[in-house]
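Colleague: Listed here are the chains, written in short residue letters.
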Amino acid sequence: MAPAPTLAARGVSKSFFGNRVLDDVSITLVPGRIHALLGENGAGKSTLINLLSGALVPDSGTIELGGETHRSLNPREARRGGVAVVQQELGLTADLSIAENIGLGAYPRRFGLIDYPALARKARAACDLVGLREDLSTPVAGLPLGRRQLVEIAKALFREPRVLILDEPTSSLSAHEADTLTRLLETLKASGVAILYISHRLNEVMRLCDHVTVLKDGVVTADRSLEGVDAAGLVRLMVGRDPGDLFPSWTPAPAPETLVSVDGFTGGMLRDVSIDIRRGEVLGIGGLVGQGQEDLLLALYGALPARARAAMFNGVAGVPSSVMRANALGLAYVPADRKREGLHLTHTIAWNMMVPSLGRARGLALRNRASERALATTLADRLTIKGDLTRAVQALSGGNQQKVALAKWMPSDPPILLLNDPTRGVDVETKREIYVLLRRFAAEGRAVVLSSSDTPELVHLCDRVAVMREGRIVSTLPHGEASEEAIVAAAMAAEPERAAA
Amino acid sequence: MSTASGALYWPVQRRRNRGLIGLFAVVAVFLALYIYLFPGFLTVSGIAKFSQSWFPLALVAMAQGILMLTGGISLAIGPLVSLGAVVAATTMAGPLGAPGGIAAVALAGLAIGSVSGVIVVRLRLPAIVVTLAAAFIIGGIALLILPRPGGEIPLWFSNLLAGNTPVALGLLVVVALSWKLYLATPIGLSLYAAGENPVGAYRSGVPVDLARIVAYAISGLLCTLAGLFVAAQTGSGDPVIGTAFTLNSIAAAVLGGIGFLGGKGTMRGALAGSLLLSLMISVMFFLGFSPVAQYVAQGLIIIGAVAIPEIRRWRSVT
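Heads up: the protein sequence lines correspond to chains B and E, in order.
Per our numbering, numbering of the first sequence is gapless, rising by one per residue and ending at 855.
Per our numbering, numbering of the second sequence is gapless, rising by one per residue and ending at 362.
Keep in mind that the hints were calculated from the coordinates and are not lab data.
Fair warning: there could be bad hints in the mix.
Said to hold, decoys possible - Coverage of chain E stretches by chain B, computed from C-beta distances (three or more under 8 Å per stretch; other residues unrestricted): (1) 51-58; (2) 222-234; (3) 243-254.
What the hints assert, rightly or not - Covered stretches of chain B, as calculated for chain E (at least 3 residues, CB under 8 Å): (4) 427-436; (5) 456-466; (6) 484-493.
To be verified - Computed beta-carbon distance windows for the label pairs: (7) B:R745 with E:F68: 50 to 58 Å; (8) B:H530 with E:F68: 34 to 42 Å; (9) B:E695 with E:K224: 37 to 45 Å; (10) E:K224 with B:K693: 39 to 47 Å; (11) E:P353 with B:T536: 37 to 45 Å; (12) E:L254 with B:A664: 52 to 60 Å; (13) E:F304 with B:E726: 36 to 44 Å; (14) E:F304 with B:N722: 36 to 44 Å.
All residues carry an ideal CB built from backbone N, CA and C; glycine is no exception.
Isolated chain B, as found in the complex:
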């Protein structure tokens, strides 16, 4: 009753820049079984897929494919061994037709040329499997996202894989398309294909999969049959970290006063979002990666065109139409990608801190070096940025860079701070300092909006947590009710109450 594994990882570890992403992870895929891989954002799922498909080489441990043990599997060997991956970011070429995309890298040939009739035949067969009825000559550029995802799946099937890895295949599919996919996976399973299925939709996993591996912080916390497991049990296996004394103690905000309120906010990924932002609170925005959190911050900041049924920003009605307008209304935004959006890396710390003030200075007024220097020193002091302020920002650690990105807004004393994942890639000590800062901003009467992919942060730091899914706020949890389980359950639509019953 234990068929030989088709593809397996044995004790693999992988680090990026000294940051351990996977630690002694093992997973075994066997023919005719749908294996679920679960984990929170950043648990190491994508890295594991990349190791299994040869896109990355493990630091230690081995990959076993078709009975052979590999220390460093490369993509070519993986493909030859029958491994096909449906990636989350689409790997399609917009200007090529559906068929040409499906066959890419594995074109049937005749006399050295692409055998178009054979390509058409095989691509048609793969498209029929996934329910893609478009003309094969249609360029992919003209297809909506869900259809492109189906092309991506057809592309994997075109290679007649023995191991099929699907990384959130249903994230952009309609219900009907997802049903077709479910039936297809069951057919493939019956024909003996080993399937690894990554999804954030727990009910899908419960319905479809036979076996589950749960990753948490790069470690396997469960590797078992799905029989007799409920959704709440799975959520518990994914979350739960010891917060230690990382977080400052939480005190409720005194007399909340609404600074920003939007109703029926729509734009970018946002669908009819209503939210109040109050003075003196840290409002957390949670959810799985890419559910519209960034668009919410950008829309509030006037950097993304959006409409609202009703909006009030710091006493002014209407949504800010531009970043300058938002700045004038007292909003400041610290982007997630500090290297590209938040900072000018090759310039000095002091210069970076002055940038927002430059935009506000009167036209051609001369800069006052002495006051700038004094201001920079004060800011560095306040945010505990250590070292010489004339150094280039790129020489700083990630954590200190983040502090500079924060510091540059302090001179204008914005009452509303929008922060996009400020602690991503930041060391623990700096994280702590940033948390203390954020609580202090709130205590000083500012409103802090914190979008974070780190669930403990939302639990321990925030006064309220709004959880987003597919562009909507699906749940707003006050401090105390916002446990990691509750947030993850809301993000994944796991309905814990029913599962627990």
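We have chain B; now place chain E onto it with these hints.
Modeller: Showing chain E alone in chain B's frame:
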């Protein structure tokens, strides 16, 4: 191309024309204007003369277009044309004879193209910097081979290519068909994927690096062949004759709708772009524009060509 027929190949080809209909229409308008201004066009020698003025530009537009499809760009097009002309003028009348000379020209283009391709692709250097450096080096080599205009092209060869028969047009058809044949090979078609989405292409099993290096080699070959043709037109070699082709090749490719980010555009677009550019130059010449006004008009038309699709996209968003 019997292998490329079937129920899929031709529909795919037809779809590729779709975005180019506007460009084809503009080319047709300019062509009509040209014929109206210069009725002599509709004779064998008229067609021969026009296709001879178009031919080298068509080749360099393709050379630039291929590199832009890889996501790169070349600033060495002009110097490579000069080098091709110089090599042709110094070898064809020598002991190698015409076939040997043509082989030497082709080999120079392929070799220099491959080397710059390897440098760009393998060392992951920006194409614009590598080809800028290559432009200085190649230009220098051309001047070392032939410090001042000279050399010799056999008269019969000049008469064949640049005489009163439209041989150039025939050659262009051959070049275009060869490109179609290349695009029908897996490595050729993979160029689109390698240019637009190299990571996705790599994961799909496309030999991304090879596809890009081959593109550089083909590009180099087309440039030196254009140089050979220019030498045949003038009957001798000139070490700086190609200079104007660098920027004109970019202009033609951009007019033809080839994108700067790789994987966007078609070679038939680049050819149409080069045709439009040569028609524009001729028409403005006949209309008596001063050379300076011609340059200004050319620039405005190019900006317009790039801006129109962008404006259309804008309006469809809002």
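Colleague: The structure should be examined with respect to each hint, and the outcome stated for every one.
Modeller: Do the hints match the structure? See the list:
Counting residues of the segment 51-58 of chain E whose beta-carbon sits less than 8 Å from any beta-carbon of chain B gives 6, enough to reach three: the coverage restraint holds. Counting residues of the segment 222-234 of chain E whose CB falls under 8 Å from any CB of chain B gives 6; the rule of at least 3 is met. Counting residues of the segment 243-254 of chain E whose C-beta sits closer than 8 Å to any C-beta of chain B gives 8, which meets the bar of three, so the coverage hint holds. With 3 residues having a Cβ less than 8 Å from any Cβ of chain E, the segment 427-436 of chain B passes the three-residue criterion, so the hint holds.
Restraint check on the segment 456-466 of chain B versus chain E: 8 residues with Cβ-Cβ distances below 8 Å, three needed, restraint holds. Given a C-beta distance limit of less than 8 Å, the hint that chain E covers the segment 484-493 of chain B holds, as 5 residues qualify and 3 suffice. Checked against the given bound of 50 to 58 Å, the beta carbons of B:R745 and E:F68, roughly 57 Å apart, stay inside it. The hinted window of 34 to 42 Å between B:H530 and E:F68 holds, with their beta carbons roughly 40 Å apart.
Taken as a hint, the range 37 to 45 Å holds for the pair B:E695 and E:K224, whose Cβ atoms sit roughly 43 Å apart. Taking the beta carbon of each, E:K224 and B:K693 are about 44 Å apart, inside 39 to 47 Å as hinted. Checked against the hint of 37 to 45 Å, the C-beta distance between E:P353 and B:T536 comes to roughly 40 Å, which is consistent with it. Between E:L254 and B:A664 the CB atoms are about 58 Å apart, so this pair conforms to the stated range of 52 to 60 Å.
Range check, E:F304 to B:E726: Cβ separation about 39 Å, and the 36 to 44 Å hint holds. Distance hint for E:F304 and B:N722: a CB-CB separation of about 42 Å, consistent with the stated range 36 to 44 Å.
When each numbered hint is compared with the structure, no violation occurs for any of them.
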